[in-house]
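J.: Read top to bottom, the protein sequences are chains A and B.
Counting from 1, one number per residue, gives the positions in the first sequence under full-length UniProt numbering.
Counting from 1, one number per residue, gives the positions in the second sequence under full-length UniProt numbering.
Just so you know, these hints were derived from the structure itself, not from any lab.
Careful, some of the hints might be misleading.
What the hints assert, rightly or not - Here are the simulated lysine to aspartate or glutamate pairs, EDC-like style, with alpha carbons at most 20 Å apart:
(1) K410(A) with D151(B)
(2) K102(A) with D43(B)
(3) K410(A) with D65(B)
(4) K50(B) with E98(A)
(5) K50(B) with E430(A)
(6) K242(A) with D151(B)
(7) K78(A) with E42(B)
(8) K48(B) with D220(A)
(9) K78(A) with D43(B)
(10) K41(B) with D152(A)
(11) K242(A) with D141(B)
(12) K41(B) with E426(A)
(13) K410(A) with D153(B)
(14) K235(A) with D151(B)
A quick note: this is a predicted structure, and the numbers were derived from the prediction, not measured.
Each chain is listed here by its residues.
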Amino acid sequence: MSIRSLILSGVLAATTALPAFAQTEIQWWHAMTGANNEVVDTLAKEFNDSQADYKIVPVFKGTYPETLNAGIAAFRAKQTPGIIQVFDVGTGVMMGAEGAVKPVAEVLEAAGETFDKSKYLPGIVAYYSKPDGTMLSFPYNSSSPILYYNKDIFEKAGLDTANPPKTWQEVFETARKIKQSGAADCGYTSTWLTWIHLENFAAWNNVPYGTEENGLAGTDVKLELNAPIYVEHFKELASLAKDGVFRYGGRTSEAKQLFLSGECAILTESSGGLGDVVKSGINYGIGQLPYDETAEGAPQNTIPGGASLWVFGGKSDEEYKGIGEFFKFLSQTDVQQRLHEKSGYLPVTEAAYEATKKSGFYEKNPGRETPITQMMGKEPTENSKGVRLPNLPQIRDIENEQFEALLAGKQDAQTTMDNIVRLGNEAIAEAQ
Amino acid sequence: MQKAVFPNKLLPYLLLAPQVAITLVFFYWPASQALYQSMLKEDPFGLKSKFVGLQNFAQVLGNPDYLNSVRVTVVFSVSTAVLAMALALFLATAAEKVVRGKGFYRTMLIWPYAVAPAVAGLLWLFMFNPSMGTFAYLLRDAGYRWNPLLDGDQAMLLVVVAAAWKQISYNFLFFVAALQSVPRSLIEAAAIDGASSTKRFWTIVFPLIAPTTFFLLVVNTVYAFFDTFGIIDAVTGGGPAQATQTLVYKVYNDGFVNLDLGGSAAQSVILMAIVIALTAIQFRYVEKRVHYA
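Construct all of the structure, not just a fragment, from the sequences and the given hints.
T.: And the structure:
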């Protein structure tokens, strides 16, 4: 035997022998930073320590859009990770990629778990499911928009600090009072106008965002955002902006800063922003998301934001079994409860929610239950299961651009909403 | 004339090979990919792909947003190049006149060049962001309605200043070198003839440094076109209402945020054509008027 073939056979033996005693490694691509990143690492470590067959390897891939792009590029290069975290607006993109992803319900079955929908919170599951009810992705971090208010400013303006405004009409009126009283320079601000003032506005007031159950029943969606209720809402918002009562902070969560610095008295923001509000040390209160008092049956229910975990197709049975085991681990009541209390994300299972209630956590931390009760209060209607479009990121871009033109006083509310519908419908048709 | 200086026929090609390989891999390969992609209509995952010929180009060119982006790019590039060059020339002539501590001033002025574009953008953002910027507060207190989040012109001003600020150092360096190469005797002769310092500058110094100015014009235009993505991304994200969405930013936004790969590729092909045309024009026409000493 020549030396070369000796080496070759040695290498061959080493590589073929390896899988026999190695764990199955599963990559988990995510977009979590700071404290949330630590949670990811802890969860992976706990899971890895709990068994010997599988190893979850978390990899930070940048912001939400960057992580989604990394996943798409990986799919094109046929180098996909096992699990990828995709933000809410990317849901439609992932669902359009039939064959590229494997429904989570099937993955759970691979791990010997029969998928039981009733164990999960309905509002969240509905958002991440196909029209026929199959759950496609695992809801990892879900949040919902709530109202924060500065109690010190309320007191200075002579307002009731125990009762935050409940409807948009009340919010606008209160904001004007605050500005007039001189208690604060700015009455009201909001993060994520598209998510809070359109997607959740539609669900919470039980009015359609678009046809086809806002895209959950089909992809051929026509937007219905120029209905009078939206136009009136934004007309009021623009008039507040003109008087300096409402201040625009930016397209994502920048406006939070205006609230934390004490410039603005009222803020609508994701429940996930609570950590920063607590840290800033201001005297704050929490209320539920305001609704429109002219809307019939409002408030309905809010829709989740945040992100979910997707599983790529084309993996081995062994890998799917491992991923299924990991999801089983994540669904455990004590894991979910801890995740919920530490990070402010909503619990995914009913059992975890009940356990948190029983532990007295909500009595000690008033307001922490608001994002859940908002979402769970009522059985979702066809207007309130969520918004799913094949190109929701692009639609949000169009909406933001139009809002900026409106708030700068360049066009009126009717034109703004008509433009959103026209440009949005063109973009949706193009993305089919 | 002696022939066959290199008897080895292969060696010249071998020596050229690395450069050719780099050009092929880093330019021709991606450029051909962009060309190919620009004629496809595809979903983000590449599961369904359809050849559509020039449809993507027709769509891009027929889109009013794209024409707006062209306008934004022209305004942005011209303003940035002019501002960066004018200020650099002013500082360079001023630094020439400094007698003591010349080296210190020059070093200080060159420093900003070491700052990455995205960091430069963030610096300016921290100063002028309406939510948290120090200068934004001062401006508002002074009664000026400073809000680049909604006012497109203010947003444009902010990115132009940030982009120009970063480029001043580079231009400064070249202008200082150019000024030093202007013969003292010419300036002294003009001074003896009674020409004022302004006149001396415009009639003697400025024409003599024209080659440098031309070179910088090319470099600055290319910079404003392509290297300012980081600044725009950090400061305005192309907003408000597309007021600062340059062509390069639009390629990124349509491709990587909106996931319209065909349209994005078509835009980058158009961009490629624009750059080739711009460079050709610059060298064909502008260069003729430049006086090389």
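J.: Determine for every hint whether it applies to the structure shown.
T.: Against the structure, the hints:
1. K410(A) with D151(B): Roughly 10 Å between the alpha carbons, so the hint for K410(A) and D151(B) holds.
2. K102(A) with D43(B): Since the Cα atoms of K102(A) and D43(B) sit roughly 18 Å apart, the hinted pair holds (cutoff 20 Å).
3. K410(A) with D65(B): This hinted pair holds, its Cα atoms lying about 17 Å apart.
4. K50(B) with E98(A): Holds, because 17 Å separates the two Cα atoms, which is no more than 20 Å.
5. K50(B) with E430(A): holds, 13 Å
6. K242(A) with D151(B): Holds - the C-alpha atoms of D151(B) and K242(A) are around 13 Å apart, at most 20 Å.
7. K78(A) with E42(B): Holds. K78(A) to E42(B) sits at ~17 Å (cutoff 20 Å).
8. K48(B) with D220(A): holds, 18 Å
9. K78(A) with D43(B): Roughly 16 Å between the alpha carbons, so the hint for K78(A) and D43(B) holds.
10. K41(B) with D152(A): violated, 56 Å
11. K242(A) with D141(B): holds, 18 Å
12. K41(B) with E426(A): Distance ~16 Å between K41(B) and E426(A) Cα, so the pair holds.
13. K410(A) with D153(B): Satisfied, since the Cα-Cα distance of roughly 13 Å is no more than 20 Å.
14. K235(A) with D151(B): Given pair K235(A), D151(B) holds - Cα atoms ~19 Å apart, limit 20 Å.
In summary, the structure is inconsistent with hint 10 from the numbered list given earlier, while agreeing with all the others.
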